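Sequences are here, hints too, so could you generate the full structure?
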Amino acid sequence: MTSIYEVLRRPLVTEKTNYQVNKLHQYVFEVAGESTRSMVKDAVEQIFDVKVLNVNIINVPAKRTRRARSRRLAVRNPGYKKAIVTLAPEDSIAIFEGVE
Amino acid sequence: MKIETIPQEDHQVKIEAEFEVELFDSFKRRAARKIAKQAKIPGFRPGKAPYDVILRMYGEGAINEEAIELLIDEQYTKILDEASVTPSGPGSLQEIISMDPPKLSFLVPLKPEVELGDYKSIELEYNPEPVLDEEINEFLTRLQKNYATAEPAEGPIQKGDVVYFQLTGFENEETILEETPVQLVIGEDDKKDNWPFEGFSSELIGMNEGDSKDIEYSFSEDAEDERFKGKNVKFVANIQSVKTLTLPKLDDEFAISMGQFENFAELEQAVREQQEMNKKQEYDDKYYSDLIAKYAEISTVKFPPFMVEEEIEHMLKSLERDLKQQNLDFETYLKLLSTDKEKYVETNVRPAAINRVKSTLIIEQVAQEENVEVAKEDIDGIINDTVQMLQNMPDQKGKKARLNDEMMNNVAYNAISRLYNQRTLERMKSLASGEIEVETPEEIVEESPDDVTEIDVEQEIEASEETGEESSKDATETIVKQEIEVESKENKQQAESEGEDTPKE
Chain A
0 MTSIYEVLRR PLVTEKTNYQ VNKLHQYVFE VAGESTRSMV KDAVEQIFDV KVLNVNIINV
60 PAKRTRRARS RRLAVRNPGY KKAIVTLAPE DSIAIFEGVE
Chain B
0 MKIETIPQED HQVKIEAEFE VELFDSFKRR AARKIAKQAK IPGFRPGKAP YDVILRMYGE
60 GAINEEAIEL LIDEQYTKIL DEASVTPSGP GSLQEIISMD PPKLSFLVPL KPEVELGDYK
120 SIELEYNPEP VLDEEINEFL TRLQKNYATA EPAEGPIQKG DVVYFQLTGF ENEETILEET
180 PVQLVIGEDD KKDNWPFEGF SSELIGMNEG DSKDIEYSFS EDAEDERFKG KNVKFVANIQ
240 SVKTLTLPKL DDEFAISMGQ FENFAELEQA VREQQEMNKK QEYDDKYYSD LIAKYAEIST
300 VKFPPFMVEE EIEHMLKSLE RDLKQQNLDF ETYLKLLSTD KEKYVETNVR PAAINRVKST
360 LIIEQVAQEE NVEVAKEDID GIINDTVQML QNMPDQKGKK ARLNDEMMNN VAYNAISRLY
420 NQRTLERMKS LASGEIEVET PEEIVEESPD DVTEIDVEQE IEASEETGEE SSKDATETIV
480 KQEIEVESKE NKQQAESEGE DTPKE
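Protein chains in written order, with numbering that gives the first Met the number 0: chain A, 0 to 99; chain B, 0 to 504.
Check before you lean on any hint, since a few could be wrong.
Short, incomplete list of chain B residues facing chain A, as computed with Cβ under 10 Å [as the list claims (entries may be wrong)]:
id, residue
1, 38
2, 40
3, 41
4, 42
5, 43
6, 55
7, 345
Think of the hints as simulated: they come from the structure by calculation, not from any bench.
Note that the structure is a prediction, hence the values are computed from the model and not measured.
No residue lacks a Cβ here, since even glycine has one placed at the ideal position from N, Cα and C.
Structure (structure tokens):
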């Protein structure tokens, strides 16, 4: 990996992450498969100019589902690596709070 | 909430309402929640997405739109209350003047206003023309002709015969009219005689079966038939058959053959009644429309334009229905008239619609001012009739009872309003034709004080002796009172029963 800009793939915005943002001050990203905690920490601190207290990482396993229309066809959802970043209480990341 | 009202020229009111930002924000949140419920947003169950996410997904415009809709739904009555406007129909959002702070303007149609003017002074004589014997005779001869029997005639063509012939037309060796079979009654004054030209049929008099005759005729430029315009045409008529018409005698036998009559007098009577009814109907229609026109002249009627639009809609619908019965499409009908819909509406429908709205409003107002009432018995009768009518309708059996109820209500309501209209019109008629010169209630008012003063004077003079007179005065008074009471009771009943019977809008 050459730069920190390849670490973070996208923010995850779901009901659960919404809760995490509001109650736990944790921000959740999908990250590149080969990234580590320290890489995520560096990337988030540099890109969003915040202080990261803690990074949890989990490998979300691939899952098999069926297609909605032709229910016989099985589809594989690729897995991804998820990073849950806890920020310092005074910091926040704008993209999770509405308009960028 | 700040509200401004601006009256418009066409009997509408423009209301400008400005809302507080906080109020609108709460509506925005509700709108977002409402959108979320229907939206599929990945990562969120329906209805669980937060405001920001909705905003990002759908944009501010969608939320504002929804919010304004909700706002109007909820606040519209309040706005009307605060602007103290009584609307006659649904108002419409005219313009969103600004979003921050939210300021909206509505166009609200006002209740129609009718000022009748001095309608009691209107005079229009009501005298339907009696049916003349000639008219009946004419009808009978027509009937007679319809039932005439045709028999092969011997000898040349005479007046009154039916002639079948082939007609061919040339102009300088060029065939204009291919061989066409024609049937003519010789010497009749009706239109058939005018084809191909006036007096054609009399040219055939004296010919025999199998004969043919050349007839030349030069048509003028304004001939009815396009093919013959301005041409010098040579016709060849080839007589095929000649038949004499034998008219049935107008006697009892004829009457019996018509069915349902026993003798000629009865038939004649039936014809007379029919004619009388037709004529009266015709006259009534004309009379009432004249009368209403007179009313309209002296009264000022103000109504919002949406009523006219509604009427136009209504008229177009019924026109379409009529056309359908003639197997005509509305579009093709317009093409026949070589107009388009807008033009047609503007030129033909709109003026009529305006008139109709006016006259209904006038009739309503007259009914109110003249206290026209429909008695409870009448309403009961109508309802009974409709019930019976609907029960007799066979194809209602399979359907739900509720539909029946609805239909019954509708039919009864229509019948009642028709009756009400009729009563009003009759009242208008009797006012205009001078049947009722002075109003009945006025009469009472005029008379009774006179009586009282007389009695008073008498009482003053012979106070001690005239006890009998006094008691009689009491009696009259009580009678009048009772009458008034009875009337008011009736009114109440009327109001109640109307409340029950009128279907909910």
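Each hint tested on the structure:
The beta carbon of residue 38/B is not positioned within 10 Å of any beta carbon in chain A (closest approach about 13 Å), and the interface hint is therefore violated. Interface hint at residue 40/B: satisfied, since its Cβ lies 9 Å from the closest Cβ of chain A, which is below the 10 Å cut-off. A distance limit of 10 Å between C-beta atoms decides the matter here; for residue 41/B the minimum to chain A is near 8 Å, and the interface restraint holds. For residue 42/B, the interface hint holds, the least distance from its beta-carbon to any beta-carbon of chain A being 3 Å, beneath 10 Å.
Taking 10 Å as the C-beta cut-off, the interface hint given for residue 43/B holds, the closest approach to chain A being about 5 Å. With a cut of 10 Å, the hint placing residue 55/B at the interface with chain A holds, because the nearest CB-to-CB distance is about 6 Å. The interface hint given for residue 345/B is violated, since its Cβ lies 50 Å from the closest Cβ of chain A, which is over the 10 Å cut-off.
When the structure is compared with the earlier hints, violations turn up for hints 1 and 7 and for no others.
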